[in-house]
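Chains A and B are the protein sequences, given in the same order.
Just so you know, the first sequence maps onto residues 1297 to 1724 in our numbering.
Just so you know, the second sequence maps onto residues 16 to 343 in our numbering.
Just so you know, these hints were derived from the structure itself, not from any lab.
Take the hints with a grain of salt, since some may be wrong.
Unchecked claim - Residues of chain B clear of chain A, computed beta-carbon distances all greater than 12 Å: (1) R47; (2) R86; (3) T111; (4) R113; (5) A153; (6) A220; (7) G229; (8) L234; (9) W271; (10) G285.
To be verified - Below 25 Å or equal to it, Euclidean Cα-Cα: the simulated DMTMM-like pairs (lysine to aspartate or glutamate) are: (11) A:K1567 / A:D1546; (12) A:K1631 / B:D294; (13) A:K1677 / A:E1388; (14) A:K1677 / A:D1546; (15) A:K1676 / B:D336; (16) A:K1380 / A:D1402; (17) A:K1648 / B:D323; (18) A:K1650 / B:E179; (19) A:K1677 / A:E1627; (20) A:K1631 / B:D52; (21) B:K301 / A:D1402; (22) B:K301 / A:E1385; (23) A:K1378 / A:D1546; (24) B:K309 / B:E295; (25) A:K1648 / B:E322; (26) A:K1650 / B:E175; (27) A:K1414 / A:E1448; (28) A:K1648 / B:E175; (29) A:K1648 / B:E119; (30) A:K1631 / B:D72; (31) A:K1648 / B:E330; (32) A:K1631 / B:E295.
No residue lacks a Cβ here, since even glycine has one placed at the ideal position from N, Cα and C.
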Amino acid sequence: MSLLRSRSATVAALALLVAPARAQTTRLETSDVYRRVANQVVEVDVVETGSGAQSQFGSGFFVSAGGEIMTNYHVIEPIINKPKEYRAEWVEASGTKHPLRLLAVDVVHDLAILASDKPASGWFTLRTTPLAQGTRLYALGHPRGLALSIVEGTYNGLMQYTLYPRIHLTGAINHGMSGGPAITGEGSVVGVNVATAGNSVGFLVPVDRAVALLARVSAPAFAPPKDLLGDIGAQLAAYQAQYFPSLLADTTRLVTLGAYTAPTMPAPYFKCWGDVTTGEDERRYDLTTHSCATDDEIYLSGDQSTGFAVLKYWLYSSKVLAPVQFYSLLEARYKTMASEMDGAESFVTNFKCKTVNVRRSAAEKNDAAMRVATCLRKYKKMPGLYDMVTHIAVFGRRDTALIATLTLSGVSYENGERVTARLLDRIQ
Amino acid sequence: MSAPRFVLEVRDSHGALVTRARIDALPVTVGRGYGCDVIVDDPYLDPVHVRIIQEGDALVAEDAGSANGLRANGSNERVPRVPLVRGTILHAGRTTIRYVDPAEPVPPARRDRPAAWHSPLAERSRLASPWVRAGAVAACLAISALVKWSSTFGLRPMREVGSEVVAALVALAIWAGLWSVGARLARHPALFTYHLAITSLATAALVVVFGIDGWLEFLWPRQWFIAALLLTLVCGTIVGLVYAQLGLASSLRRWWRIGAAVALPAVLFGVIYIVESSDESKFSSKMTYDAELKPVPARFVPAQSVEDLAEVVSELRQSVDKDTASKD
Chain A
1297 MSLLRSRSAT VAALALLVAP ARAQTTRLET SDVYRRVANQ VVEVDVVETG SGAQSQFGSG
1357 FFVSAGGEIM TNYHVIEPII NKPKEYRAEW VEASGTKHPL RLLAVDVVHD LAILASDKPA
1417 SGWFTLRTTP LAQGTRLYAL GHPRGLALSI VEGTYNGLMQ YTLYPRIHLT GAINHGMSGG
1477 PAITGEGSVV GVNVATAGNS VGFLVPVDRA VALLARVSAP AFAPPKDLLG DIGAQLAAYQ
1537 AQYFPSLLAD TTRLVTLGAY TAPTMPAPYF KCWGDVTTGE DERRYDLTTH SCATDDEIYL
1597 SGDQSTGFAV LKYWLYSSKV LAPVQFYSLL EARYKTMASE MDGAESFVTN FKCKTVNVRR
1657 SAAEKNDAAM RVATCLRKYK KMPGLYDMVT HIAVFGRRDT ALIATLTLSG VSYENGERVT
1717 ARLLDRIQ
Chain B
16 MSAPRFVLEV RDSHGALVTR ARIDALPVTV GRGYGCDVIV DDPYLDPVHV RIIQEGDALV
76 AEDAGSANGL RANGSNERVP RVPLVRGTIL HAGRTTIRYV DPAEPVPPAR RDRPAAWHSP
136 LAERSRLASP WVRAGAVAAC LAISALVKWS STFGLRPMRE VGSEVVAALV ALAIWAGLWS
196 VGARLARHPA LFTYHLAITS LATAALVVVF GIDGWLEFLW PRQWFIAALL LTLVCGTIVG
256 LVYAQLGLAS SLRRWWRIGA AVALPAVLFG VIYIVESSDE SKFSSKMTYD AELKPVPARF
316 VPAQSVEDLA EVVSELRQSV DKDTASKD
């Protein structure tokens, strides 16, 4: 799933408006929908302060008479992370530009709300309406910076098993439409365009998240947070507190990997897959891999994402290699498997690591022991958040060994430690 | 043989000595011609350029009618005649001729060390036997081959071992060759096989030290004394290597050799330290950790409990927190 961020000014011809195969006479004309809401959807630009040049663009829509505009966090992210270098503005159909002030963000669900000094001539009323699968929806926005476009699609419900709630829209959402609304024929907003997986598989942020964000800024006591990055950190920590307790719980299924058993599918929103490489012709050892990962992550900036978890296993075995050779292989793999993690200097520190040989109890004295290398880095401006990567090698047998890595991104130290302890406890 | 009457010291335009001609009888002719008493191959000389004659008690050099003339004692002025006294220098063509009185003293002989033309260190050492030298090289190659074999898991282990041995031999030969050439430039004997043997021993020692270090790091990860031991042994080996090589290739006194041998690893590790500490302050998303794994039954491996691990990770957190605090 790639975000709809678009820094490319390339203009591509798009054939977005494909006529549905079965036209119904009772259905609204798309042109009517477009005409009714066109003045409520705007282009949102991020502009480099020094040169005044457009840096990236997306879409947004009015959610109040006072000129408040809802869009995606990722559309306006530079004004948060580099407030001196970038500013945001919205563009009228006539080309007139108006400055925007950031009010609040919901980084977990990729939403932002900004204020304009120019009152809105029309706006969307946000409310949650239950929909049937297959309901026709209209996504609006500025694909690739082109003029406002409308795309027909169908509602396919909330995605199951995702860490961050998303509506699946079957419809061609394109770069630049991020932050635009997806509405019903009656004009009520169902969600906010956020991402695409290509081939007419699009994703929306459910409107209830936008309702909550609007409610937050509409509260009488609301003032825009002074420390936005600190606020974002607090949001990440609060969200994580909801899903972490269930991660690798005692009920987690176990997978058999050679002589070992290990937990798999740490939570329902993980996806797991496995692979086997046999050593007949190419290699002198066998490798079985098993990986589980959350499919989604939280966008912080172009080079930093967070809020994901990955659990990987590599089972090595060999009847051919001498024990010293087999352990040289393990050493080389253990050193390099998952030993790098994307990150940006403005967000995170360097990793620091410590290694310990661990044996769980005296009962296991004759069985395997583990080498555990824990690596930790801190989020500089989001207090209490870390990236924690644990590299585990279960050793002691002469011809088979298991390597495991657990990557937890944007976690509190306590949560990271708790989940890691569960993993160590359950690898047998 | 009796002392000559005098000596003519002839040098070319670069100041290099052409000849020291012993003169016993007069008159003497100097020139390019084969009939001269002192023949000098300088195209700017006449066949007979200068004639030296006796005039009473004095010796006089006179221009024999040359095309380019005769000058004396650094002057640019042509002179027909120059009286010769101790230290007089004649300029003819591009040649310089110094009149040397046989009584002129020469500086005392420069003291030479007995090590200059043979190497007692080499001769006294066990390496004097070619079998020992060959054995040292063979041991080094065998250890390299063993280490390579134990760390290979590719399809063609013997080919990898073979190329490792060849590469090791080439590297040893280049290193020993450099020392030999250096020794030769310092006008010492080039003891190539001795250098090869010493280098082999040091290399074998380093390979063994690193091998043992890997095992120690596996058994006791992140212990400062293991790192200190490694550093000591590596430095010691390098010091020993350089000390021994200098002993063969130079006539430096013992303390100079020790100084040079100590300075080399000091500079080497100093540079490594500077490079590494500048790397450390750079941003990186890489993780580096003690990743040694060895085939040892688990019961022989000193291990800690899960609670100990929690404590270590907690220390890690404090250290990460401290770093960011100090940077903010």
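Out of the numbered hints, which ones does the structure contradict? 7, 8, 13, 14, 18, 19, 20, 21, 22, 23, 24, 26, 27, 28, 29 and 30
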